[in-house]
Amino acid sequence: MKTTTRCDFAWCKRVIGLVLFCMLPASVCAAAELHVPAIVEAGQSFAISASGSGQATFYLVGPDVVVKRNVNLGSDLRIQSSDVRIAGPHRVILCESSSCESTTFEVKAAQPAHLSFFLHPSRVPVSFPDSIEGTAFVFDQYFNLVLTPAVVDFRITPASGAGFSRQVPTRNGVAWMRVGSTPREGKVQVTAVLGNVEEARVIQQVAAEACELRMKAVTSGKMVTLETDPVRDCSGNALPDGTVVSFTKIDKAGKSTIDIPIKKDVARAQFSIDGPARISVACGVISGNEVALNGKL
Amino acid sequence: MKWRLVAFIAIATAVLIAVAWLQSGGLKQREMVSAVNPEEAVQALMSDIQAHNYERAYVSLDPSSDVDLASFIRDVAGSDGGLRTYSSLQTADVSPLHAGSDQAQVRVEMSWSSALGSLHDVRDLRVRRDGSVWRVVWPKPSFNNVPPQVVPVNYLRWEVIGRNASQNWGAQDVDSPKVRITSMNAISRPGRVVILGEVENEDTVPAYLNVNATLLRADGSPFEEEGSFDLISHVLLPKQVSPYRIDFPGIRLDAVKSVRMDARALLVPASADPVIAVSDQTVGKGAFGRDVLKGELVNQSGHPVNIAQVLAAYYDDSGKVIWVADDYVDQALIPQVPVPFAVDIPDDIAGRLKNYRVIVNHYSRSSS
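Line by line, the protein sequences give chains A and B. All residue numbers for the first sequence refer to the working numbering, where the first residue is 1 and numbers rise by one. All residue numbers for the second sequence refer to the working numbering, where the first residue is 1001 and numbers rise by one.
These are computed hints drawn from the structure, not numbers from a lab. Among the hints, erroneous ones may be present.
Said to hold, decoys possible - Pairs of lysine-lysine residues, derived as DSSO-like cross-links and limited to a Cα-Cα distance of at most 30 Å, are as follows:
no., chain 1, residue 1, chain 2, residue 2
1, A, K222, B, K1354
2, A, K252, B, K1320
3, A, K187, A, K222
4, B, K1178, A, K263
To be verified - Far from chain B by the CB rule (all over 10 Å, computed), these chain A residues:
no., residue
5, E96
6, R171
7, G242
8, S272
Where a beta carbon is used, it is the ideal one built from N, C-alpha and C, also for glycine.
Just chain A, with the same shape it has in the complex (with noise of 0.2 Å):
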């Protein structure tokens, strides 16, 4: 007859499972014998032999699962695969009549089948030195972290150009790379690779600042229209639409300023003007070219 006291959430049977653990030290017992391998792996199965003979009470009590059965000495014990789930220090304890016997085993992991990847950032400037980050957390099926070394595979394939891997040992479960981006924009996918186990991550390789911003005016009466050559970084890749392109032109009136978003790779805007005017044009902190019209100003 097997008795089984759940908690309904997990951690709340650790501290149960653990104040237990602490509670009963192995001092106080001394009867019946038993024998229990030292180390179990997660979720398997095994036996405990327990000398004697006659009815006896025995517990078993880990950071997960109390287990509380009547059991006959003489025969072995039977621990069931689900109540050794998660890893860590378990206690047996067998008590008859008049006395406990009582003694420890270690529930390690087992074997990695998962991996908790995280990767950063998101979004990354193109060409930018040891930029992105992946860290990866090893666990097996229970989600036990993994400490046995393994060596995570981080295979990274850019959207254009050749791809390319960093092995990497896990140090206390996990495993950490920093890899700079490679000059192209587009989607990057890191995948985490240990054995049967993938974990693929997406980021964006996206324009960095613009470079050799420039741009051409046409005048037509009193309007200029402005328009920017195709707005790129220094690796050649086109800005974002979106992105805010600044235009200021300064003339008899004043100084007239627009903030106008790039659309199919170059931002356009229209200023009217009023005798001789200077025009300059600007994207983030980046100053492009200045046009005057009309004879300085």
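We have chain A; now place chain B onto it with these hints.
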């Protein structure tokens, strides 16, 4: 006894009629009708506007006023969801400019209260004698109407699909935008410390931004923290730069050892529309003789901007931001119609002002 009752009823009726007349504005009506000087005429008109009694205000105008009722109401109370439509006339200070026997010129300084602070409007009104009373000649308001047309708007819009809360720890998500404070300047103003500067959205996605400053003592402990509140453009498109200003009232600059700045950005849905041009910016004198930065806003979009806020950054000759000022425009920005604005320049800043930059915050009722 019988006569006493009759007399009592008659007196009570008369009192009630008098109360009703007073409550319905009869006294003001009489003031208006019997406005014996130009100032009283303007004051009575302002009283009606303050009471939102535009019909009676309109009736009190001089017949020579070239304005219909709808235009008068639009001129006085605003339209198109502009800030004026959410405002109430708080005070109206009337002062004569010059007076003749039949005509006079009166200046009225109106102060409107709104949820965004006080709005000031100064008008010089002509007042004309009409028999024994004076009446205001309301100037014909000029409303620029845009001809009917279709305006194609195809600027970018950004939407955000965030991470599903049910997904595992470590699941893919999108990061907040990267913003950078490009300049910061702490200055002392009468009765306060002011932190001002500029911040740039360096990312390729829009950012909802807040800049906070913490003043630190000599021992490094914080003693005051404030945010930029509305003296910043909270939504910044990619590569857009906004000035910010953070006021610390009641703090002296010599008590501050250092300042800790914190720019927090959130990824938000946003639209690149509307585009608002700021044209003909010049430094000049305002209605009260103070230095102002004047110009016009032109909404280049296809739908009205209900409330616009002008943010101006003033620079000295070294390019350092020396002041950030703002002004809410009380008119809605109708597409392609220039709307004037004027932003104050403090006297001590005006002398050092070498350059300026204006950006516009906007709110549209129809936008999400």
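Here's how the hints hold up against the structure:
no.	hint	verdict
1	K222/A - K1354/B	28 Å, holds
2	K252/A - K1320/B	25 Å, holds
3	K187/A - K222/A	45 Å, violated
4	K1178/B - K263/A	22 Å, holds
5	E96	45 Å, holds
6	R171	18 Å, holds
7	G242	4 Å, violated
8	S272	8 Å, violated
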